[in-house]
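Enquirer: Each chain is listed here by its residues.
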Amino acid sequence: MTAPQSPALELRNLSKTYRRRESGGFFPRYGDHLAVKSVSLTLPQNAILGLVGESGSGKTTTGMMALRLVEPSAGQIFVDGTDITHLDHAGLKPFRRKMQVVFQDSYSALDPMMTLAQIVAEPLHIHRLGSAAEQTEQALAMLDRVGLGRSYASRYPHELSGGQRQRVAIARALILRPQVLVADEPTSALDVSVKAQIINLLLDLQAEMGLSILFISHDLSVVRSLTDRVAVMFNGRIVEQAATETIFTDARHPYTQSLLDAIPVLNPRLRRARSFQSRDALEATTPRIAGAGPTPALFALSPDHQVEAMA
Amino acid sequence: MPLLQIENLNVSFPQHEGVVQAVRGICLSVEQGESVGIVGESGSGKSVTCMAALRLLREPPAQITADRLDLGGVDMLRANRRSLAAARGKLAAMVFQDPMTAFDPVFNIGHQIIETIQAHRPLSKADARREAASLLARVEITAPEAILNSYPHQLSGGMLQRAMIAMALSCRPQLLFADEPTTALDVTIQAQILQLIKALQAEFGMALVMVTHDLGVVAETVDRVVVMYGGKVMETAAVEQIFDAPAHPYTQALMASMPGRTPGKQRLVEIPGASPNPATPPGGCPFHPRCSVAMPRCATEMPPETALGRSHTAACWRLQ
Chain A
0 MTAPQSPALE LRNLSKTYRR RESGGFFPRY GDHLAVKSVS LTLPQNAILG
50 LVGESGSGKT TTGMMALRLV EPSAGQIFVD GTDITHLDHA GLKPFRRKMQ
100 VVFQDSYSAL DPMMTLAQIV AEPLHIHRLG SAAEQTEQAL AMLDRVGLGR
150 SYASRYPHEL SGGQRQRVAI ARALILRPQV LVADEPTSAL DVSVKAQIIN
200 LLLDLQAEMG LSILFISHDL SVVRSLTDRV AVMFNGRIVE QAATETIFTD
250 ARHPYTQSLL DAIPVLNPRL RRARSFQSRD ALEATTPRIA GAGPTPALFA
300 LSPDHQVEAM A
Chain B
0 MPLLQIENLN VSFPQHEGVV QAVRGICLSV EQGESVGIVG ESGSGKSVTC
50 MAALRLLREP PAQITADRLD LGGVDMLRAN RRSLAAARGK LAAMVFQDPM
100 TAFDPVFNIG HQIIETIQAH RPLSKADARR EAASLLARVE ITAPEAILNS
150 YPHQLSGGML QRAMIAMALS CRPQLLFADE PTTALDVTIQ AQILQLIKAL
200 QAEFGMALVM VTHDLGVVAE TVDRVVVMYG GKVMETAAVE QIFDAPAHPY
250 TQALMASMPG RTPGKQRLVE IPGASPNPAT PPGGCPFHPR CSVAMPRCAT
300 EMPPETALGR SHTAACWRLQ
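Top to bottom, those sequences are chains A and B. Residue 0 is where the first sequence starts when you use numbering that gives the first Met the number 0, and the numbers rise one by one after that. Residue 0 is where the second sequence starts when you use numbering that gives the first Met the number 0, and the numbers rise one by one after that.
Keep in mind the hints are simulated off the structure, nothing from the lab. Check each hint, because a few of them may be wrong.
Restraint ranges, calculated between C-beta atoms of paired labels, are given here [claimed, not checked]: (1) A:S22 / B:P288: 23 to 31 Å; (2) B:T261 / A:L128: 35 to 43 Å; (3) A:G129 / B:P13: 22 to 30 Å.
Derived lysine to any residue pairs resembling SDA-like cross-links, with alpha carbons at most 20 Å apart [to be verified]: (4) B:K264 / A:I125; (5) B:K197 / A:R268; (6) B:K197 / A:P263; (7) B:K264 / A:R268; (8) B:K264 / A:L265; (9) B:K197 / A:A46; (10) B:K264 / A:R270; (11) B:K264 / A:E207; (12) B:K124 / B:R171; (13) B:K264 / A:S277; (14) B:K264 / A:A89; (15) B:K197 / A:H304; (16) B:K124 / A:S107; (17) B:K264 / A:I262; (18) B:K264 / A:A46; (19) B:K197 / A:S277; (20) B:K124 / A:I262; (21) B:K264 / A:P267; (22) B:K124 / A:A46.
Backbone N, C-alpha and C fix where the C-beta goes; we use that ideal spot for every residue, glycine too.
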């Protein structure tokens with residue numbers, strides 16, 4: 000049906016506008032807040048794309064729009080070459096199987112009333128895949144695969160540590176063998192010693208299942224170890240995009256540079272006085288665009304490296 | 000004499016399932032003007048140690064015992080309410096992780112800082128307000144008067160954290176506890192807040208105890224590091240020693256598992272298992288179930304601290 004070379008996920012000029020109260024009182028005035036402005040992203044098959052930015056930059060909204068968990072105000076979403084932007088509930092269902100999500104807070108993402116086996120088998124149940132016995136068997140195998148073991152099957156989420164719960168969330172997301180996984184800060188709530196375990200698990204599963212991952216994070220160290228490409232968001236749009244190492248060695252946009260400068264250096268002898276880009280200077284070069292204003296163009300420095308033109 | 004001296008501190012919380020032993024016999028001392036980092040994961044007891052040092056834990060349920068708990072010459076274990084209140088703020092102040100919940104949402108920032116100043120210093124309200132404004136200017140807030148009149152929900156996390164630091168500094172403390180002061184903030188703001196804390200520490204000649212789970216924060220801010228795990232101290236060393244030659248297997252594993260140390264997409268060195276449950280800590284060394292070089296003895300006996308060099312100690316049977 001689709002050409003094999005079509006990317007796993009493609010976003011074209013995706014925007015999201017929220018209505019926001021601008022003045023209070025008995026007769027509030029509402030205005031438009033452009034959370035995401037004309038974002039275009041390509042997630043190739045079998046790759047991990049990092050989406051980084053500060054809180055409020057629109058990275059989570061972009062991820063949720065890609066899954067159609069948040070409806071975009073404008074733009075198009077392609078999964079495996081098919082436009083899913085306007086599909087209705089029934090039309091979307093086969094695509095839900097191809098795209099799954101893992102959230103930051105595993106505690107609120109898992110139903111406290113269900114056992115782990117039920118949680119992991121639920122997607123199979125929803126999509127009516129196999130008999131009940133087959134569903135349970137697959138769920139047990141998946142629990143095994145994410146390193147929890149079958150003995151965990153009848154436990155409940157509250158009995159687990161944060162790292163173990165995140166493993167369950169990953170098992171549930173991957174049991175349908177999706178092509179696309181949106182991982183929204185899956186490691187930020189975890190302890191340092193457990194973070195590496197989850198990163199390794201994602202790397203292994205990605206290679207094993209030929210998965211494509213949109214990895215949303217503000218932790219640049221994790222992004223460096225995990226991703227092939229990085230897109231940097233600021234004020235609702237992508238300001239720079241390149242191969243991961245290019246971002247770390249040859250960042251051009253002032254916001255990307257300030258993000259990199261802010262990473263603590265893991266060597267006390269290299270402590271330095273930092274000079275910070277003032278917020279006002281950053282806002283001046285990359286202002287948030289209100290309403291229907293034009294989006295600044297992205298310049299291609301090389302076929303692989305795009306950066307937003309600066310005012 | 001050290002500014003803060005803690006010997007054999009134990010903190011426990013009786014609960015339904017049993018007694019949660021958050022801190023189990025730790026020793027810690029902080030000299031005047033020194034900056035010490037306490038590194039540990041959730042449940043390691045690092046925050047509880049600081050709270051106990053200031054007697055900020057509600058007792059009961061908390062039960063605190065120690066051979067010594069001395070802050071600037073005040074015996075914090077036996078001090079009465081009045082001398083505790085005098086010691087807090089003046090001798091030592093604290094900056095908490097989440098500035099959103101540390102401020103009272105129904106009073107404006109000015110009210111809360113002025114209240115703190117007046118509780119400790121004999122100033123009129125107008126003078127206290129002037130002092131508050133100058134403190135806010137000192138933490139690089141550009142429009143102090145506007146911030147004084149703002150409520151917490153109107154400010155960003157970084158702004159609130161600056162206001163909280165201003166409040167902590169209002170009585171010129173000799174020691175500042177910063178409990179994960181940047182964990183709730185964006186990376187770029189984190190770097191600015193850390194730099195601000197370091198600059199203020201130098202300017203005021205304060206000692207600093209920086210509590211964090213992030214080795215990067217430690218590398219950037221402190222002179223000496225205390226590594227905690229399962230309510231116990233695993234290793235203590237100068238910050239350079241910790242990064243050049245970590246001696247304890249836990250510290251080594253923690254260093255090795257840090258992402259982003261070398262370029263390129265790659266698997267990381269992982270520490271198997273999870274942190275111990277403080278209600279049922281393992282016997283012996285708390286790290287032994289996850290340790291790659293554990294011996295039978297590790298499961299039964301806690302190793303003593305071994306001196307490895309000037310100001311470098313680690314508790315591990317492998318180092319005996």
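Enquirer: Looking back at the numbered hints, which does the structure fail to meet, lowest number first?
Expert: Violated hints: 1, 3, 4, 7, 9, 10, 13, 14, 15, 16, 20, 21 and 22; rest satisfied.
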